[in-house]
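Asks: In case you want the letters, here they are:
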Amino acid sequence: MKQSTSLESNAPGTGEEMYSLARRLFPICRSLTGDGVRETLSILREIIPIETHEVPSGTQAFDWEIPPEWNIRDAYIKDDTGKRVVDFAESNLHVVGYSIPFEGRLSLQELNEHLYSLPEQPDLIPYITSYYSPRWGFCLTHRQRETLAEGTYEVCVDSTLEPGSLTYADLLIKGSSDRQILISTYVCHPSMANNELSGPIVATFLARQLLELKNLRYSYRFVFAPETIGSIVYLSKHLEELREKVIAGYVVTCAGDPGPFSYLQTPNGDSLVDKVTKHVLENSGEEYMLYDFLTRGSDERQYCSPGVNLPIGSLMRTKYGEYPYHTSGDNLSFVTAGGLAGSLALYGRCLETIEQNATYRVTVCGEPQLSKRGLYPTLSTKESGKLVRRMMNLLAFSDGSRDLLSVAERIGEPVWELFPIVDRMLEHDLLERVD
Amino acid sequence: MKQSTSLESNAPGTGEEMYSLARRLFPICRSLTGDGVRETLSILREIIPIETHEVPSGTQAFDWEIPPEWNIRDAYIKDDTGKRVVDFAESNLHVVGYSIPFEGRLSLQELNEHLYSLPEQPDLIPYITSYYSPRWGFCLTHRQRETLAEGTYEVCVDSTLEPGSLTYADLLIKGSSDRQILISTYVCHPSMANNELSGPIVATFLARQLLELKNLRYSYRFVFAPETIGSIVYLSKHLEELREKVIAGYVVTCAGDPGPFSYLQTPNGDSLVDKVTKHVLENSGEEYMLYDFLTRGSDERQYCSPGVNLPIGSLMRTKYGEYPYHTSGDNLSFVTAGGLAGSLALYGRCLETIEQNATYRVTVCGEPQLSKRGLYPTLSTKESGKLVRRMMNLLAFSDGSRDLLSVAERIGEPVWELFPIVDRMLEHDLLERVD
Amino acid sequence: MKQSTSLESNAPGTGEEMYSLARRLFPICRSLTGDGVRETLSILREIIPIETHEVPSGTQAFDWEIPPEWNIRDAYIKDDTGKRVVDFAESNLHVVGYSIPFEGRLSLQELNEHLYSLPEQPDLIPYITSYYSPRWGFCLTHRQRETLAEGTYEVCVDSTLEPGSLTYADLLIKGSSDRQILISTYVCHPSMANNELSGPIVATFLARQLLELKNLRYSYRFVFAPETIGSIVYLSKHLEELREKVIAGYVVTCAGDPGPFSYLQTPNGDSLVDKVTKHVLENSGEEYMLYDFLTRGSDERQYCSPGVNLPIGSLMRTKYGEYPYHTSGDNLSFVTAGGLAGSLALYGRCLETIEQNATYRVTVCGEPQLSKRGLYPTLSTKESGKLVRRMMNLLAFSDGSRDLLSVAERIGEPVWELFPIVDRMLEHDLLERVD
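Chains as they are written, first to last, in the numbering used here: chain A, 380 to 814; chain B, 380 to 814; chain C, 380 to 814.
Take these hints with a grain of salt, some might be off.
What the hints assert, rightly or not - To be clear about the criterion: a stretch of chain B counts as covered by chain C if any three or more of its residues have a C-beta under 8 Å from a C-beta of chain C, and this derived list gives those stretches:
1. 453–464
2. 735–748
As the list claims (entries may be wrong) - Partial list, derived from the structure: chain C residues whose beta carbon lies under 8 Å from chain A:
3. Q439
4. W443
5. I507
6. Y511
7. W515
8. L614
9. L618
10. P646
11. Q681
12. V687
No lab work stands behind these hints: they were computed from the structure.
Please read all numbers here as calculations on a predicted model, not as lab measurements.
Even for Gly, the Cβ is constructed at its ideal location relative to N, Cα and C.
Start from the sequences and build out the full structure, keeping to the hints where you can.
Replies: This is how it looks when you write it as structure tokens:
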């Protein structure tokens with residue numbers, strides 16, 4: 380994959396392009412099911428050739444069952460004067476996700492049992508859902524809630540909960556090996572930007588970059604599905620193949636803000652994806668956070684469950700729960716073009732590392748004589764000294780038992796600095812690949 | 380063993396009952412052999428159905444030979460005026476254990492070669508024995524020794540050292556498995572309370588509790604024998620069976636004072652008994668001490684010797700050597716009802732953990748849907764949140780490879796908090812046992 | 380090897396004898412090839428029966444080829460007045476090693492391109508070589524260089540670079556096993572004392588001591604060869620045998636100064652030679668330095684290269700690069716008789732440890748009764764208490780799975796304190812050897 384340098388650095392303007400996509404997807408009312416998901420996926424399909432699938436309501440998937448499809452056209456609370464004081468048209472967060480249809484007039488006291496607000500974050504609208512117990516409700520800022528006067532309110536939730544289907548999409552980019560890297564992200568949250576729009580956007584652009592590359596070593600499987608039930612449905616359909624082929628993967632989420640990176644490890648923290656991601660973060664020279672699987676919260680809960688047991692980590696920026704998550708505070712000003720583009724580049728570096736990682740063995744006994752091959756720099760500088768040291772150390776530890784990543788860790792170098800040196804050593808037949 | 384909650388907590392008054400037993404056993408003059416051991420065991424037999432065994436003097440046991448039986452009726456030192464200045468009747472510590480018979484009149488200088496005292500602990504009578512080289516002697520406080528005037532003393536040791544037998548007792552409580560837990564303690568010390576009466580007392584009450592339980596998983600073997608030679612004799616008679624069946628065990632000693640717990644590990648420190656005891660202590664919320672096998676001092680020296688190699692640790696309170704040990708300071712005011720009862724409860728928790736420990740595997744792929752089974756608390760509180768987290772983490776890490784103890788360590792929970800959750804998961808067929 | 384106590388301590392005067400040898404070898408102009416090497420080896424042959432070998436120029440050895448043989452008779456720079464301002468006769472460091480023959484008159488400017496000095500160490504003559512690109516040059520102190528006036532200089536390098544041979548020597552001291560310990564050192568540096576004369580001197584005296592011993596367990600292979608090309612030639616001739624037989628070894632260098640010891644570990648740092656040397660250093664009670672293989676710099680680069688993969692460390696005093704190395708500062712006042720003798724003794728202790736290391740198993744079940752064998756000291760002192768504890772701990776951990784070195788590490792004792800105890804236990808049949 381020597382042509383693949385574009386995995387590690389973005390074309391100019393990529394961040395802005397990603398941010399534009401966020402702006403376009405933001406207003407759509409997504410949920411576990413329904414037309415919002417379909418609309419979202421069809422926009423992504425303009426960029427990458429994902430294939431969309433529909434699975435009927437009521438279908439069993441492992442321990443779960445696909446719920447009815449939910450769609451909503453309008454919802455509001457009107458006060459005595461007929462004024463819409465809470466209006467779905469203003470923000471789709473105002474309605475509890477999967478609210479059942481309702482029309483009626485209620486006292487403030489009755490209404491209050493259907494209202495959700497955050498006393499400790501009084502300016503934010505919370506994001507609330509009730510997928511599996513039928514209820515309706517409205518979410519609003521606590522500050523607004525406190526202004527609601529006694530009186531009678533007219534409430535309307537013009538929604539439908541009917542047999543339909545759950546929608547997801549996937550894409551397989553084939554490499555020379557049928558071993559797969561799984562990239563999974565979710566498309567079930569309404570107007571929030573970091574969780575979740577950053578996920579599908581980074582995944583989409585990553586797929587676009589991979590599609591441009593020739594000579595991919597591994598195959599890449601992208602999944603865009605509603606969280607939890609979507610990944611469970613996907614797993615139930617493909618478990619055997621995934622178990623056989625997937626060697627590493629990520630759940631992409633919370634990857635759009637400009638904060639430091641964080642990585643949620645697999646249950647044992649020692650699979651290839653863990654080693655690669657921790658190496659890349661540790662050698663990035665930047666601050667980052669490492670999280671144990673005990674703090675999991677997204678689809679790794681399904682992918683890494685004991686019965687499934689796939690090696691999937693989650694590379695994020697500011698982790699869910701560590702910012703005004705699941706509120707109206709997670710909006711288009713929380714994510715940035717630079718945040719999105721930086722995530723794309725870091726994912727690129729991780730995938731590049733997986734692609735390039737291999738086990739090499741030095742072909743000669745004793746140290747090779749580098750000078751007769753012109754491999755010693757003719758001018759000795761601090762930089763050339765570093766290069767020679769890297770080259771000698773690479774050769775000294777490439778014994779056919781350590782992979783390149785382990786060599787990099789052992790000799791204390793970023794693995795990506797070794798890629799071009801490996802290429803030179805291969806050209807000169809000083810290294811051979813053994814796996 | 381779901382009925383076995385009584386292992387982890389004592390019936391009211393148990394501590395006082397244990398302390399009464401200590402008071403009753405205290406005056407008896409025990410030694411390696413002799414009637415004191417028999418009397419002690421016959422008192423314990425009032426509580427639990429131990430079986431007593433006699434092994435003749437001269438019998439070979441591994442590298443050792445059972446010494447003659449020692450009994451003593453009276454012993455004293457009289458001064459010029461005929462007054463008993465040192466009298467066995469006052470404290471059986473006054474006579475060196477295994478003293479040969481003697482009668483005679485000695486100058487103070489001659490007598491001094493047979494006297495033992497502790498200049499640095501001048502108010503305590505030391506405990507001294509001479510099992511394998513024939514001599515007689517008296518022990519007294521250093522303060523008293525300094526008051527002995529020049530003059531002639533009349534000395535009498537009315538003891539016998541004759542062919543007889545070594546006495547020990549054992550008890551096997553059968554569980555559904557023939558795998559055994561070995562609980563060994565010793566009965567060869569005269570009037571001292573922590574070392575050794577706490578040992579036989581805690582062991583006796585532990586056996587009494589186990590006898591009351593139905594559905595024990597493991598079998599429990601209790602041994603009451605003189606230290607060193609007794610455990611060697613026991614091992615020499617049962618080595619093959621013990622090696623085949625014993626999966627864990629303890630030497631019970633120094634378990635009656637109110638000090639913090641301490642645990643002496645097996646030679647490698649990584650057997651089941653080590654893992655269980657360290658987990659229980661670490662999660663007790665209380666201070667404790669961990670000791671390496673290099674600081675061993677009791678019958679684990681035999682049980683863990685290379686040729687025997689049983690996985691036996693020693694759970695104590697204040698360890699021998701860390702308090703006025705082997706002196707008259709180890710008396711009935713050094714141990715307490717609470718100290719004894721607390722040890723009983725902690726041993727109970729350790730055994731309960733061994734009983735309940737097993738390897739489980741979650742039965743579904745992906746996360747189970749808990750709400751449809753009513754396994755989510757309906758009221759969300761801080762406590763219920765903790766319970767859900769424990770339940771989810773238990774399911775996430777029960778992959779059929781880790782036992783429950785390892786799961787508890789991995790998810791950072793006391794294993795005993797998982798016992799009732801495991802029961803609920805088993806009822807709902809969400810976990811299955813794999814071992 | 381019970382007679383071998385002379386390995387651990389030197390005969391009186393050994394240090395002085397070693398230092399005399401250094402004085403004698405110092406003036407000789409050694410290089411990769413040439414008569415200086417031959418003269419050096421013939422002096423060593425007066426002490427130990429090494430065998431000298433000649434390998435023709437142009438011979439291939441792995442990735443390398445033996446260069447032409449270099450000899451030099453005279454070299455100087457004369458100023459306008461005909462005075463020799465730089466003179467090979469004064470110090471053989473003045474000429475760049477492997478300088479091609481040259482005669483001519485040069486301006487100061489032209490001359491300067493052939494001069495080497497150290498501005499930051501202005502009083503030292505640097506040691507420079509140019510084995511594989513043909514050039515000539517002179518080395519001088521920076522202070523002298525600054526005094527060179529403009530003018531014309533007459534330069535003469537009376538050297539020859541002609542087909543000849545590379546010279547090395549070796550010696551095999553046979554023990555009862557054909558497993559070998561490899562001791563390698565180099566003989567290619569001109570007048571420098573720590574690097575390299577300390578290496579061949581310590582190796583020579585070590586060989587002399589081993590030759591005096593009866594009952595060696597292992598065989599010892601000594602190699603005296605020019606650095607890099609010499610060890611490569613040696614390996615290319617003996618690789619199969621070395622790989623089959625060598626279980627441990629050292630590159631001896633920088634072992635003559637009085638500074639603290641340092642040890643450069645093998646690539647994985649966990650082979651026998653690493654364990655032994657680190658144990659010996661750690662228990663020496665003295666300060667020492669441990670170096671990773673990343674800081675390698677001598678023939679371990681060849682011995683430990685992946686295609687060769689021998690378990691060879693390097694035990695030094697002040698490591699190359701950490702003192703005025705490769706300069707005229709590395710002279711006879713930098714090394715001392717005590718420094719040389721101390722290195723010899725420490726190498727001796729390491730070899731003694733390798734010789735004595737074995738796996739033992741206690742022969743009895745339970746603890747042996749030591750008193751009946753007179754193995755308990757009759758007088759109890761602090762020293763005797765330590766001895767009993769060592770003896771009991773040795774027996775408690777000699778389970779037939781740990782070797783003596785591991786037992787020593789486990790029980791926290793210097794392994795050499797266990798050697799005499801092991802001997803006593805073997806005499807009493809309390810230990811048996813299992814490997």
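Asks: A separate judgement is required for each hint: does it hold in the structure or not?
Replies: So, going through the hints one by one against the coordinates:
no., hint, verdict
1, 453–464, "violated (count 0)"
2, 735–748, "violated (count 0)"
3, Q439, "11 Å, violated"
4, W443, "5 Å, holds"
5, I507, "13 Å, violated"
6, Y511, "6 Å, holds"
7, W515, "19 Å, violated"
8, L614, "6 Å, holds"
9, L618, "7 Å, holds"
10, P646, "7 Å, holds"
11, Q681, "4 Å, holds"
12, V687, "5 Å, holds"
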